[in-house]
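Produce the entire structure from the sequences given, and follow the hints as far as they go.
Numbered by my numbering, the letters in the sequence shown go through residues 4 to 89 in order.
In case anyone wonders, no lab produced these hints; they're calculated from the structure.
Take these hints with a grain of salt, some might be off.
As the list claims (entries may be wrong) - For each label pair, taking beta carbons as the anchor points, the in silico distance ranges come out as:
no.: 1; residue 1: E37; residue 2: N75; range: 22 to 28 Å
no.: 2; residue 1: A34; residue 2: L71; range: 21 to 27 Å
no.: 3; residue 1: K5; residue 2: Q48; range: 45 to 51 Å
no.: 4; residue 1: L20; residue 2: L50; range: 21 to 27 Å
no.: 5; residue 1: W11; residue 2: R33; range: 30 to 36 Å
no.: 6; residue 1: A34; residue 2: M8; range: 39 to 45 Å
no.: 7; residue 1: M8; residue 2: W72; range: 18 to 24 Å
no.: 8; residue 1: A69; residue 2: W11; range: 46 to 52 Å
no.: 9; residue 1: W72; residue 2: N39; range: 40 to 46 Å
no.: 10; residue 1: N52; residue 2: I9; range: 35 to 41 Å
no.: 11; residue 1: F70; residue 2: E46; range: 31 to 37 Å
Note that the Cβ used here is the ideal one computed from N, Cα and C, for glycine as well.
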Amino acid sequence: MKNSMIAWVLLLCILVLPLGDLLSQCPMCRATAESNLANGGTEGQGLNNGILYMLGMPYVLIGTIAFLWWKNRRGDEEAEPLQNLN
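Next up, the structure:
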């Protein structure tokens, strides 16, 4: 229990600490995309598609893990009554 709690805290720190650097880049991307679109470029649309792609990936990963967990758990519950018959 204690080792898993330490692992979760360490993982949380690894994921949260670099957020300051990531958030500081948002104004730069926005300014670049706006200037590109103003000059007739299409890179801003590609940037928007990339943002949507990155936004959807956590939901896909969590959904896949939840589905696999649900499927494996359901299989264990169906096998349990057969073991009680012996």
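A quick look at each hint next to the structure:
Against the hinted window of 22 to 28 Å, the Cβ-Cβ separation of E37 and N75 comes to about 48 Å, which falls outside the hint. Between A34 and L71 the CB atoms are about 42 Å apart, so this pair departs from the stated range of 21 to 27 Å. Between K5 and Q48 the beta carbon distance is about 50 Å. The supplied range of 45 to 51 Å therefore holds. The hinted range of 21 to 27 Å is satisfied by L20 and L50, whose Cβ atoms lie roughly 25 Å apart.
Against the hinted window of 30 to 36 Å, the Cβ-Cβ separation of W11 and R33 comes to about 34 Å, which satisfies the hint. Take A34 and M8: their Cβ atoms lie about 42 Å apart, and the range 39 to 45 Å holds. M8 and W72 have their C-beta atoms about 21 Å apart, which keeps the hinted 18 to 24 Å range intact. Checked against the hint of 46 to 52 Å, the C-beta distance between A69 and W11 comes to roughly 18 Å, which is inconsistent with it.
Distance hint check: the CB atoms of W72 and N39 are about 43 Å apart, consistent with the given range 40 to 46 Å. A beta carbon spacing of about 39 Å between N52 and I9 agrees with the range 35 to 41 Å that was offered as a hint. Separated by about 36 Å at the C-beta atoms, F70 and E46 satisfy the suggested range of 31 to 37 Å.
Checked against the numbered hints listed earlier, the structure breaks hints 1, 2 and 8; every other hint is satisfied.
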